[in-house]
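Full structure from sequences and hints, please.
Here is what each chain is made of, one letter per residue.
There are 2 protein chains.
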Amino acid sequence: MTEETMTKWRILILGGTGETGSWFARYFKRKGFDVAVWGPSGKVEVAERLGVRYAHDMMKEVEESDIVLISVLIEKTVEMIQTVAPRMHPGSLIMDVTSIKSGPVMAMKTYAPKGVEVLGTHPMFGPTMPSLFGQTIIFTPVEGKTGKWLPIIQSLFESDGAHIGILEAEEHDEMMAVVQALTHFAYIGIGATLKALDFDVQRSRKFMSPVYEIMIDFVGRILDQNPELYASIQKNPKASAVRQTYVAECMRLSEKADSGDLEGFKQIMRDAALHYGGTHEALERSDRVINTSIRERKEKKPDC
Amino acid sequence: MTEETMTKWRILILGGTGETGSWFARYFKRKGFDVAVWGPSGKVEVAERLGVRYAHDMMKEVEESDIVLISVLIEKTVEMIQTVAPRMHPGSLIMDVTSIKSGPVMAMKTYAPKGVEVLGTHPMFGPTMPSLFGQTIIFTPVEGKTGKWLPIIQSLFESDGAHIGILEAEEHDEMMAVVQALTHFAYIGIGATLKALDFDVQRSRKFMSPVYEIMIDFVGRILDQNPELYASIQKNPKASAVRQTYVAECMRLSEKADSGDLEGFKQIMRDAALHYGGTHEALERSDRVINTSIRERKEKKPDC
Numbered sequence: 005m006t007e008e009t010m011t012k013w014r015i016l017i018l019g020g021t022g023e024t025g026s027w028f029a030r031y032f033k034r035k036g037f038d039v040a041v042w043g044p045s046g047k048v049e050v051a052e053r054l055g056v057r058y059a060h061d062m063m064k065e066v067e068e069s070d071i072v073l074i075s076v077l078i079e080k081t082v083e084m085i086q087t088v089a090p091r092m093h094p095g096s097l098i099m100d101v102t103s104i105k106s107g108p109v110m111a112m113k114t115y116a117p118k119g120v121e122v123l124g125t126h127p128m129f130g131p132t133m134p135s136l137f138g139q140t141i142i143f144t145p146v147e148g149k150t151g152k153w154l155p156i157i158q159s160l161f162e163s164d165g166a167h168i169g170i171l172e173a174e175e176h177d178e179m180m181a182v183v184q185a186l187t188h189f190a191y192i193g194i195g196a197t198l199k200a201l202d203f204d205v206q207r208s209r210k211f212m213s214p215v216y217e218i219m220i221d222f223v224g225r226i227l228d229q230n231p232e233l234y235a236s237i238q239k240n241p242k243a244s245a246v247r248q249t250y251v252a253e254c255m256r257l258s259e260k261a262d263s264g265d266l267e268g269f270k271q272i273m274r275d276a277a278l279h280y281g282g283t284h285e286a287l288e289r290s291d292r293v294i295n296t297s298i299r300e301r302k303e304k305k306p307d308c
Numbered sequence: 005m006t007e008e009t010m011t012k013w014r015i016l017i018l019g020g021t022g023e024t025g026s027w028f029a030r031y032f033k034r035k036g037f038d039v040a041v042w043g044p045s046g047k048v049e050v051a052e053r054l055g056v057r058y059a060h061d062m063m064k065e066v067e068e069s070d071i072v073l074i075s076v077l078i079e080k081t082v083e084m085i086q087t088v089a090p091r092m093h094p095g096s097l098i099m100d101v102t103s104i105k106s107g108p109v110m111a112m113k114t115y116a117p118k119g120v121e122v123l124g125t126h127p128m129f130g131p132t133m134p135s136l137f138g139q140t141i142i143f144t145p146v147e148g149k150t151g152k153w154l155p156i157i158q159s160l161f162e163s164d165g166a167h168i169g170i171l172e173a174e175e176h177d178e179m180m181a182v183v184q185a186l187t188h189f190a191y192i193g194i195g196a197t198l199k200a201l202d203f204d205v206q207r208s209r210k211f212m213s214p215v216y217e218i219m220i221d222f223v224g225r226i227l228d229q230n231p232e233l234y235a236s237i238q239k240n241p242k243a244s245a246v247r248q249t250y251v252a253e254c255m256r257l258s259e260k261a262d263s264g265d266l267e268g269f270k271q272i273m274r275d276a277a278l279h280y281g282g283t284h285e286a287l288e289r290s291d292r293v294i295n296t297s298i299r300e301r302k303e304k305k306p307d308c
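For the protein sequence lines, the chains are A and B, in the order given. Reminder that position 123 of the first sequence reads as 127 in this note's numbering, one-by-one numbering, no gaps. Reminder that position 94 of the second sequence reads as 98 in this note's numbering, one-by-one numbering, no gaps.
You can take every hint at face value.
Since the list gives no way to pick one copy over another, a pair counts as held whenever it fits inside one copy or between any two copies.
DSSO-like, lysine-lysine: derived pairs with alpha carbons at most 30 Å apart:
1) Lys-113 x Lys-242
2) Lys-199 x Lys-239
3) Lys-64 x Lys-152
4) Lys-152 x Lys-210
5) Lys-210 x Lys-35
6) Lys-242 x Lys-210
7) Lys-270 x Lys-47
8) Lys-149 x Lys-118
Derived from the structure by calculation, the hints contain no laboratory data. The model shown is predicted, which means the values in this text are computed figures rather than measured ones.
As structure tokens, this is what we get:
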């Protein structure tokens, strides 16, 4: 290790009193960083609970930090970057942890002075996850503004078992419009449908298949979490077109089924299967997930 | 055991040369039944492969069987019942294994002569499942036409670890319009969307979250299987209204997101969470499923 990596780095987490920010405050503290947090509503007690410093003089802390990590609400992110980035010192790093990358990365690129590095970061997990093990984190680096810090942060996260993916900010948003926004949207749509139909979810569990059990638990999982996070993921600039395609495809399928054109319905399935590729491997993987779920169900209810 | 249960029962599986029918032929053969199969396309070689008799004289076999199990295509089921039920002898049982119950049960009730018992049966699993362990099977018995056989078939299936649910045929169809038809519909809609967007599924796996991984594998799982089965499940007479509600709810959510009404979006989520109930237990169960999936991913790719 070089002398520099031996130094205790100072990291300031803006929005560090929120759920995601607190998760990272705990993480970097465990890793031996000198952590300070600041939040727009001034919750000093959260810093005390986390055992880290509260940045009463936020701008002074910005100037003195090695890393400034932005974890405020997505709609405040660009404004926050605009306020703090110009005050950072050469050799330091600004990173964000929002689920949309094009806007924040453009802002960091624009407002970070020469010599300040930029790392768009998207941790693809919620603050309920106990560790980085097996989780995916995407970096959207900026050419010419990422040299020293990317490998440091990457090996830090990888040492805890995270899988790092690297994408351009635009491509990230396109991919996440499907990977996150569409996935959540379809599940939230099911949740809203169960309510609209006044469907008895609890009773249905007695008559469920394992595939349904897992799906309905995923609906519940999403509904149990902070709606703010899920709403912000839908703000992905590429998500609107994906949602509209989904609604259109659902209508097309629905029309085939309603008109009794089952051949048409099956043809949509066959075309989708061909495009998907590797459906059989997917079936085998899902068999394992289902079998685990079946075993757990058995262990919990030995009488059924 | 009484003398009667010691007797080797004769079961005829109509459609026994198809995938589901063959599954039951193997099952009942293992259980010591005298199994005969018949199929509309006369595939005698399937019977040979299964090691069971082929019913060349189908109507004679119907008359002599203790159980006639209908496993033909859903659109042929009522016609098949109409043809064979009147020829069955008192004390025998007619059962079907289609995923819709109101039509077939009504037909069995109408055409089975006095003394012939009726058992609507819905095995909620596909023919890729290796055993009944942990699977759900729903019975929709008919009052006054189910006495002797229901407990026999129920304890047979339960002895292999199946979970039996009992419902009225109408209620079954209402529940399955959500449990099966809506689940599949949402997933097939995602598959069709991936094709419409020309989305690279394989590449996206590098950047996925575990929730996405499981969901996308479930999409592949459904697309990998016989489209006939999935199309027939959408023919559930109650499914059309459910599909329409789903499309309407997706449109409502989409409008909220597109117009920037994130408060409206979050309110739909909160209402759905309240109606769902037990979201936190769902989150905990899904955490376990996700953790299994993460461990499997790690074991398969030790380098990432």
